[in-house]
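Peer 1: Sequence:
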Amino acid sequence: KEEGIRVLDAAEETGLVHTSNNSADRASVICNCCRCCCTILRARTQLNHPHAFEPSRFAAVVKTEDCIGCGLCAEERCPMQAVEILGDVSFVHEEKCIGCGLCVSTCPSGAMSLMERKQVPAVPATTQDMAIQVLQEKGRLEAFMKVMQS
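Using this note's numbering, the letters of the sequence shown map in sequence onto residues 1 to 150.
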């Protein structure tokens, strides 16, 4: 357990995004994704595909009176380009934020934090339910079922 926490801490320090499967039954996948190499992260940032994966139930927020406008969050930490400097403080575009917390863990003034989103999407009960939901959203469930039955 301690080794796992050390690995996750080291991954976060280097700017990797912790991801896992989005189902309530069990975490069968834990990945630490690089913003330039991970095709899933790149699908959101470079291909503008917002449903490549679902964000966490949290989003970054800025306590503007504490923000020193250093730009670390916007320029170095946010893999989604969800943070920008407006005037002399950070601003989070919640619709782009995946709630990874990379901006929070390195904010020198402590102005960044994660807050639960107002609308939290339902988490599928099982990994199978998650896969079915993804296929339905993409309009591919029927074609997938035909392939599986052949």
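Note that these hints are calculated values from the structure, not bench results.
Treat the hints loosely; a few may be bogus.
Said to hold, decoys possible - Below are the DSS-like pairs computed for lysine-lysine, each with C-alpha atoms no more than 30 Å apart in a straight line:
1) K138 - K118
2) K118 - K146
3) K138 - K96
4) K96 - K63
5) K118 - K63
Peer 1: Now tell me, hint by hint, if it's right for this structure.
Peer 2: Here's how the hints hold up against the structure:
Between K138 and K118 the alpha-carbon distance is near 25 Å, which keeps this suggested pair within the 30 Å criterion. Among the hinted pairs, K118 with K146 is inconsistent with the structure: their alpha-carbon atoms are about 38 Å apart, more than 30 Å. With a C-alpha separation of about 20 Å, the suggested pair K138 and K96 falls inside the 30 Å cut-off, and the hint holds. For the hint pairing K96 with K63, the CA-to-CA distance comes to about 18 Å; that is within 30 Å, so the pair holds.
At roughly 18 Å between alpha-carbon atoms, K118 and K63 fall within 30 Å of each other, so this suggested pair holds.
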